[in-house]
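Novice: Each chain is listed here by its residues.
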Amino acid sequence: MSSPQDNSPSHHSLAFRVMRLCRPSFHAEDAVLRLLDPLDLLAAEDLLDDPALPAESVHRLSDPATPDAAAAGDFTFRDRFQIRNPVDAMSLSGLLVLPQSFGNIYLGETFSSYISVNNSSKFEARDVIIKAEIQTERQRILLLDTTKSPVESIRSGGRYDFIVEHDVKELGPHTLVCSALYNDGDSERKYLPQFFKFVVNNPLSVRTKVTSFNYCITLENTYLEACIENHTKSNLYMDQVEFDPAPQWIATRLEGDNYSSDTNSKTRGIFTPPVLIRAGGGIYNYLYLIKSTLEESGQGKADGSSILGKFQITWRTNLGEPGRLQTQQIYGTPITQKDIDMHLLDVPPVIILERPFQVHLSLTNQTERTLGPFEVSISPGITSSEEKMVMINGIQKLMLPPVEASNSSIIDLNMIATKLGVQKISGITLFDVREKKSYEPLPDVEIFVDIIS
Amino acid sequence: MAAEELDGAGYIQTTTVSDPLLSSPTSALDLPFDVPSLLALARRGQWRAVLDAVAAARRGSGLHPHHHLVCLALSVLSLSKLRRFSDAAAEIDALDAPFDSSRFRFEAYPSTYPGRSGSMIPFALRFLHADLPQRLGSRSVTVDRLYALLDLVQSKIREETTGASNELWRRRQGFLLAALCGNHFVHREFEVALALVRQLLERDPSDPMLLSRLGYVQLQIGDLTGAKASFARLESLHPEGERTVELKNLVGRNRALEFIVAKNYTAAVREYEECIERDAADVVALNNKALCLMYSRDLSDSIKVLEGALERVPTAALNEILVVNLCSMYELAYVSHGDVKKSLSNWIAQVAPDDFDPSCTRT
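Protein chains in written order, with UniProt numbering: chain A, 1 to 453; chain B, 1 to 363.
These are calculated hints, taken from the structure and not from any lab test. No residue lacks a Cβ here, since even glycine has one placed at the ideal position from N, Cα and C. Treat the hints with caution; some may be incorrect.
Dumping the calculated BS3-like pairs for lysine-lysine here, alpha-carbon to alpha-carbon at most 27 Å [stated by the list, open to error]:
no., chain 1, residue 1, chain 2, residue 2
1, A, Lys122, B, Lys341
2, A, Lys388, A, Lys437
3, B, Lys228, A, Lys233
4, A, Lys122, B, Lys304
5, A, Lys233, B, Lys263
6, A, Lys419, A, Lys397
7, B, Lys263, A, Lys169
8, A, Lys190, A, Lys148
9, A, Lys122, B, Lys342
10, B, Lys263, A, Lys131
11, A, Lys388, A, Lys424
In silico negatives: residues of chain A with every beta carbon more than 12 Å from chain B [said to hold, decoys possible]:
no., residue
12, Thr136
13, Leu143
14, Asp145
15, Pro173
16, Arg189
17, Glu242
18, Gln326
19, Glu368
20, Gly394
21, Val422
22, Lys437
Every beta carbon over 10 Å from chain A, so not counted as near; a handful from chain B, in silico [said to hold, decoys possible]:
no., residue
23, Asp52
24, Asp87
25, Val245
Excised from the complex, chain B in its bound form:
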């Protein structure tokens, strides 16, 4: 499948390739590959193909400095997705200069980018650089880099630039605060996670996703009163008549969680079924409904719900957690569960994106 895409027209656009001394200056948006095709590969999870496409682009001539950096970012992302973390780290190390070096600024190449100034580094590259150490066993380095990156973003926000630029950096700030919150949550540092959610809520107090996530952190801690208040606030800020399908499902799933806490699994299942009726690809509802069935002593039906989800909406349902849950159910349901897990594994291998973690089937 990959070979056909590569041979298709234009990962290397011949029109922009020429001698840098003779060519007209380039736009900072020009890239040595076809952007829509590349994004399509990424959205289909075909990271090996992305890696190949980037390698092909790098082999082309007439690449400008910002091309190299974008290719680097894509390469590091692909390697990370394929769980080749040491290779990804090695690629960044090969840069041989820190991101803030003047080499990576437009001003250093006035003939190529006349009148343009600023950093050429794609922001994602900084983020990936911060993320890598924890994949290689040094979580504290990741946390340090993420907070340092947050400082950088906040200083950019304070600079007087264009309105669009300011908005972009604010989005990045939200992104980092959220990433840090998730990191602290995973490591059970709940007080810090709560503080970060609170900070995000200060910026946008009525964001329903944020209020929900605050509730989830509170539920994970066991603070049932707090979670109830967070969910109630969400509902009162977004009255019923004005809700999109997405929001209706969010509210429904939150209500279901409150039923689960009260061990009222029947009511929880009803809420989830309403969500699924509104959106057949609501994987959170499907997954959680299956768990409720299991806690109601109905292991057979819980398995059916998850298998059905994988069959009917495979691209939405195929995620590592749903598979982990299904495998746990198989292990409980079958004395010799090796066979049924093996056929699940085989199906996954054919259908899953390149970045799917196969270890979740525990086969």
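For reference, chain A alone in the conformation it holds in the complex:
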């Protein structure tokens, strides 16, 4: 099906025919069949509501074994009309169909192709040396070479076939170069090259995020989130997604409970829902707990310089066609250990325009000495013209007493919104009065400001 891009002007006895040979697919005959039960076609749907109806006359309509009125030797396409079993409406007879187009090729897959060298001339071709190779920007990979044992003869109307396979490990343009060197009918030595071009794309992207949570000074957990996105045009079945940690780490996959609505199901056991990522942008998330194999005190921090490990991913498509990829090394995120952790605990569910409301902040001193006193205020926007629609109600600076080492305190902050609709609480900033140190403002929080209903 690939059309050859052949620049040779002379007439050749031989020609290459190439067909990509990825695995076949099942066909569901949706198009024409629509198998039906004649009873559903020839009688009212509520026919059997009448208990007095003679059974044989109904049976006569429905029974698929009723012999045809025509002679025995006649053609019958009964199975294109009459359903035997209601479940046959699913079709899916098990018929396999060959790949109907070249399709897309992705990194990690195996490129497989049927190559047929045809002799469409009236003369024999002799001493045929056939070569097939893949050329990319970086290299040439030889797939087949019959130089050592040339094909003695391809008769007129005959063929020499071979199948090549190549694990795709590079992105970008690839060319399958097929060439035949042979003696034609006039004993002239001829050379036929044919080129088949295709492009290899990236099937997946893996986005990772490493987060460390400090539960207290001595216990720190590192979590690795990985989001796999499918860029191909097929649904991908994730056969294996494994995180291979570097030697100093142990990784445990964390999964949600498999929610199954039927605890008493007859089909439980043969039915584990597969992890299937949809074509063209579908995603799936994985979560791992990373723990250090070394002593906890101090050495096990997943900071920016440490390698956590990498992912090995095996996916499958129709009839188990596999693809395999390995990610690059994943590093821990650089941690700026904050002395003070401040975050918003809660925001009221209903906020009314120009009516004061309270938010609660939590302030944790993550060092080993007392810090403070502090001031909490709303810092002005980046540009002076940026107005804050949500402000502190009352005195614009809230004074807080010092906080001892490893201690937390809860702060009430009285606020007021001056504009309707979706607004942001932004710019809440903490200032350590004694050390004259200002901390990064809290991340913005969206709220909805309503009028009194």
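Position chain B relative to chain A; hints supplied.
Specialist: What follows is chain B alone, placed relative to chain A:
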């Protein structure tokens, strides 16, 4: 060929035709044509003849309301089979009232159907009405109608009627669940397809066809472990000594698929050959065997298997997928494949039923 059948005795049975006011009430099973002849035409795929027969019946006098509806159902089916989808849709639109209108109930005609109640609509008509939009480019309308029809069927099952009626509606429920599953599969909505197969298996956990199809969906997804488990369950629920030929072949073909997944094409071919020996018309085995030969680098023999199937068991083998596969093989095998495909097309035109899709030869 069609003309002779039409002129034969009785598409219009004169005995039931009379003035509705004077005639005795009619049976809901009486039809204005000879049912066995019509079914024979349908089974031979002679849909143009069916269409003509229905048109002739409609021209007759003394047709009762349920006659019109059955003729409509047959006409819509024939037009669909002939791929005249707009015409089919137009016929239903001409009804000018929804299927649930009281006009289409027996109670509306007490003199014609004394003491009878219920809907006169043939169930197939509802199904065809749901199926048509996707043929005309609106797949989402088809899916909506099919699920609405499923709701209707399920409410009928809950009604207290006769045992036979209940069983009939349960069969229809299975039919719809299966049709929906196939629809979702074609559109690669595999998770929904799996959920529907699962629902069907809840009703009949040991059905070998269902277990096989579950396996096929799992194989299509790439879930090899799941497919293996489904096939194994089938084999354990239906031990070897008790299998019919059909079941033996089903098991054999499933085993062959597992060999294909492992790329062991020789073993797969052996399984298929055993199936063909038991049943020479096992088209799935014939077709899939040919593909295995091709994947084993034996294009010539793969072509021979398919051509041989068409020659020896033409009515079983003549299906669009087998032809698509054969044409793909021709395109690979012959530089100038136009001629060989043309002669295949010509042979098909002489032998194929009216509803055969000629575009599968890509000529």
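Novice: Are all beta-carbon distances from aspartate 145 (chain A) to chain B longer than 12 Å?
Specialist: holds, 17 Å
Novice: Would the hint linking lysine 122 (chain A) and lysine 304 (chain B) be met if the CA-CA limit is 27 Å?
Specialist: The given pair, whose Cα atoms are some 23 Å apart, holds under the 27 Å limit.
Novice: Sort out whether lysine 342 (chain B) lies within 27 Å of lysine 122 (chain A), counting only the CA atoms.
Specialist: Roughly 22 Å separates the two Cα atoms, so the pair holds.
Novice: Regarding the assertion that aspartate 52 (chain B) does not contact chain A, is the least Cβ-Cβ distance greater than 10 Å?
Specialist: Correct as stated: the minimum Cβ-Cβ distance to chain A is 16 Å, above 10 Å.
Novice: Against chain B, does threonine 136 (chain A) keep a CB gap of more than 12 Å to every residue?
Specialist: Holds: least Cβ distance 25 Å, greater than 12 Å.
Novice: Beyond 12 Å from every Cβ of chain B: is that where the Cβ of glutamate 368 (chain A) lies?
Specialist: holds, 52 Å
Novice: Determine whether the non-interface label on proline 173 (chain A) survives the test: each CB of chain B must be over 12 Å from its CB.
Specialist: holds, 24 Å
Novice: Compute the least Cβ-Cβ separation between glutamine 326 (chain A) and chain B, then decide whether it is above 12 Å.
Specialist: holds, 19 Å
Novice: Against chain B, does glycine 394 (chain A) keep a CB gap of more than 12 Å to every residue?
Specialist: holds, 55 Å
Novice: Minimum C-beta separation from valine 245 (chain B) to chain A exceeding 10 Å: can you confirm that?
Specialist: Per Cβ check, valine 245 (chain B) is outside 10 Å of chain A; nearest 15 Å; holds.
Novice: Taking the shortest Cβ-to-Cβ distance between lysine 437 (chain A) and chain B, state whether it exceeds 12 Å.
Specialist: At about 53 Å from chain B, lysine 437 (chain A) clears the 12 Å cut-off, so the statement holds.
Novice: Between lysine 263 (chain B) and lysine 169 (chain A), does the CA-CA distance stay at or below 27 Å?
Specialist: At roughly 22 Å apart (the allowed maximum being 27 Å), lysine 169 (chain A) and lysine 263 (chain B) satisfy the hint.
Hint compliance for this structure: no hint is broken.
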